[in-house]
Amino acid sequence: MEPLKPVRKRQILEASPSATPEEVAEYEKLLAERFTVDPDLPRDPATLNLRQRKTDRLRELRQKLFPDAEAETNGGETTATR
Amino acid sequence: MANSSPVVTVLNPGDTTKPNPFTICIVANPALEAPWQSRQFVVDPITLSNAAFNGCAKYIQDVLFGNLPGQRELFLADPAIAPKIRVVTLFVSGLPALDANSLVAQDADSNLLVARRVAFQPFLVRYGLVADVAYGVSASTTHTRASAWFTSDDDARPGVGFTLDGVALAHRYYCLIPGTVGIHVTATSMTALHEFGHALSSYSNGMVVDLYVDSNPALNCKAGRPIPPQFANYNAATLASDPLRDTLGYPPGWNSYHCELLDPGFPALMDDYWLAPDSVPEHCQHDRITRQFLTDRIRAKIQR
Numbered sequence: 604m605e606p607l608k609p610v611r612k613r614q615i616l617e618a619s620p621s622a623t624p625e626e627v628a629e630y631e632k633l634l635a636e637r638f639t640v641d642p643d644l645p646r647d648p649a650t651l652n653l654r655q656r657k658t659d660r661l662r663e664l665r666q667k668l669f670p671d672a673e674a675e676t677n678g679g680e681t682t683a684t685r
Numbered sequence: 015m016a017n018s019s020p021v022v023t024v025l026n027p028g029d030t031t032k033p034n035p036f037t038i039c040i041v042a043n044p045a046l047e048a049p050w051q052s053r054q055f056v057v058d059p060i061t062l063s064n065a066a067f068n069g070c071a072k073y074i075q076d077v078l079f080g081n082l083p084g085q086r087e088l089f090l091a092d093p094a095i096a097p098k099i100r101v102v103t104l105f106v107s108g109l110p111a112l113d114a115n116s117l118v119a120q121d122a123d124s125n126l127l128v129a130r131r132v133a134f135q136p137f138l139v140r141y142g143l144v145a146d147v148a149y150g151v152s153a154s155t156t157h158t159r160a161s162a163w164f165t166s167d168d169d170a171r172p173g174v175g176f177t178l179d180g181v182a183l184a185h186r187y188y189c190l191i192p193g194t195v196g197i198h199v200t201a202t203s204m205t206a207l208h209e210f211g212h213a214l215s216s217y218s219n220g221m222v223v224d225l226y227v228d229s230n231p232a233l234n235c236k237a238g239r240p241i242p243p244q245f246a247n248y249n250a251a252t253l254a255s256d257p258l259r260d261t262l263g264y265p266p267g268w269n270s271y272h273c274e275l276l277d278p279g280f281p282a283l284m285d286d287y288w289l290a291p292d293s294v295p296e297h298c299q300h301d302r303i304t305r306q307f308l309t310d311r312i313r314a315k316i317q318r
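In order, the protein sequences belong to chains A and E. Under the working numbering, think of the first position of the first sequence as 604, with each following residue one higher. Under the working numbering, think of the first position of the second sequence as 15, with each following residue one higher.
Any given hint could turn out to be false.
Covered, in the sense of this in silico footprint (three residues per stretch, anywhere, with C-beta under 8 Å from a C-beta of chain A), are these stretches of chain E [claimed, not checked]:
#	region
1	160 to 174
2	217 to 230
3	275 to 289
From the derived model, a few chain A residues whose C-beta atoms are all more than 12 Å from chain E [said to hold, decoys possible]:
#	residue
4	Ser619
5	Ala622
6	Ala649
None of these hints come from the bench; they were simulated from the model. Ideal Cβ positions, reconstructed from N, Cα and C, are used throughout, including at glycine.
Start from the sequences, fold in the hints, and give me the full structure.
See the structure below:
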């Protein structure tokens with residue numbers, strides 16, 4: 604997963620003053636973690652439950668970090684900001 | 015939109031003495047799944063610009079083989095390796111926005127482009143192609159950040175054995191599902207090579223994970239404090255830990271740690287290469303175990 608550019612991290616925090624760098628880091632960790640599990644292997648119920656809890660937390664963080672991005676589901680970043 | 019003839023371009027012929035040389039495919043994504051796992055599809059704008067796709071394919075080829083200005087990570091440029099790697103691009107326009115034509119999705123929880131990994135092989139077979147690693151290039155108007163899935167190895171078939179901390183693993187010759195990358199047409203710098211590091215690695219024989227988050231243990235990442243001097247034993251070679259995560263530092267609260275760097279002056283390529291101290295990400299290289307692992311893995315595959 605491509606790392607966020609430093610300028611983008613600053614923009615996220617500026618746009619969402621109640622968010623913390625630790626929450627950005629947790630959001631990034633949860634995003635990256637999704638790719639470390641083979642999505643095409645069967646999972647037991649406990650693993651699926653854990654994954655769902657992580658997804659719920661990821662969405663909670665997303666709403667906090669990108670409050671204006673819900674409509675376009677783009678995480679708040681546009682090509683122009685890259 | 016009329017269905018155009020597919021344009022297959024061989025950028026690097028690879029080992030023409032073999033029936034199935036190690037192959038990297040770079041494909042213009044015909045249809046985006048938006049959002050990911052919604053089964054709703056739209057035509058990807060990349061299909062409207064063969065020139066933009068070709069520019070992106072050239073960028074990917076350049077960074078893979080160490081040809082960006084100032085680039086220091088050159089493991090694929092080794093003259094014993096580079097000529098053995100086949101690189102092929104595929105551009106098709108006018109395909110309907112259907113499941114079978116969709117190689118890249120837009121994540122609902124971020125601006126990540128996500129490769130639809132199981133769609134690649136059946137799509138490529140339609141054009142007579144087989145990939146070990148495949149890039150799906152998108153011109154999404156909202157999602158611009160690259161991501162990758164590791165390879166699912168075919169562990170029932172042979173490979174070159176190795177040991178990692180006493181565990182027997184193998185650099186498999188063949189895959190069940192290729193390593194796949196979703197990447198934006200505007201990607202720059204080390205992004206395509208960073209994603210290649212993920213995609214070439216393996217769910218069952220060594221995962222190369224992101225080092226800029228507090229990742230769980232993998233080939234290039236371990237967990238625990240205090241950080242021990244020895245990171246790993248790879249094929250009887252003892253590799254040291256990076257006690258400092260030089261130039262970046264391990265944030266308080268992290269449990270993970272990394273392997274020694276080849277150049278302590280720059281972040282590892284799987285770490286945050288945007289934070290190169292001289293602001294030149296092209297100066298970043300893989301850490302020691304990642305470099306060795308990826309080199310051994312590609313050497314195994316090109317000899318099959």
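Quick rundown of the hints versus the structure:
Given as covered by chain A, the region 160 to 174 of chain E passes the check, having 6 residues with a CB less than 8 Å from a CB of that chain where 3 are the minimum. A stretch counts as covered by a chain when three or more of its residues have a beta carbon under 8 Å from one of that chain; for the region 217 to 230 of chain E and chain A the count is 9, and the coverage holds. Closer than 8 Å: that is the beta-carbon criterion, and the region 275 to 289 of chain E has 5 residues meeting it against chain A, so the requirement of 3 holds. Here Ser619 (chain A) stays apart from chain E, with its beta-carbon at least about 15 Å from theirs, past the 12 Å limit.
With a minimum CB-CB distance of about 15 Å to chain E, Ala622 (chain A) clears the 12 Å threshold, and the non-interface call stands. Once the 12 Å rule is applied to beta carbons, Ala649 (chain A) is consistent with being away from chain E; the minimum gap is 17 Å.
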